[in-house]
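Participant: Sequence:
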Amino acid sequence: FEAFRATGLPLDHVNTHQHYHLHPWVTNEILAIGADYGMRALRVPAEPRALLAAVDPTWPPMLSGIIAPLAALMRGRAQAAGIIVADRVFGLAWSGAMTEKRVAGLIARLPEGCSEIYLHPAVAGGFRDAVPDYRYEEELAALLSPKTRGALQASGATLGGYADFVRTNKRNRASSRRVLV
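Just so we're aligned, residue 1 is where the sequence shown starts under the numbering used here, counting upward by one.
Derived from the structure by calculation, the hints contain no laboratory data.
Hints may contain errors.
The calculated label-pair distances, taken between Cβ atoms and stated as ranges, are [to be verified]:
(1) L73 - A3: 25 to 33 angstroms
(2) F1 - G161: 27 to 35 angstroms
(3) D133 - P57: 15 to 23 angstroms
(4) R109 - A35: 17 to 25 angstroms
(5) A163 - A3: 40 to 48 angstroms
Predicted, not measured: the structure shown is a model, and the values here were computed from it.
Glycine included, every Cβ here is placed at the ideal spot set by N, Cα and C.
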């Protein structure tokens, strides 16, 4: 938190590299000190397995099943602390492989409520600390794709970040679709 504060950037939401914040001890520490740093939202990587399978049945979403109990615990603790969380978050099961087909497929099938879709886009791989099997260029192409844009327009979803969601969160989420980017 101190290192982030030193950047001078506004804190949109909290998450950690490799989702270490899923560990119950780390979750507790984040919730204990986060408010002192302006934390109002927390990423809870909870991917509905059925929706993943509907988009790409060839990709077994095993990781989301393993993480689900920790994500449920984190969600409950965060909500009890008054922290905003998205209804669902996509990006973990297909980390480094969020293709145009998958991103557009997710957007087309999003249920009502607030969803976060995150990617790791870059103009090229091979940079220092790059993950060898990540398809950075394909993820960037998915974000820039007319097919993705069309799916977004057809869905009627509103784009924004967690800060936008915090400002508009009046418990009327069920009547709209929001996509956090």
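Participant: What are the numbers of the hints that this structure violates, sorted from low to high?
Facilitator: 2, 4, 5
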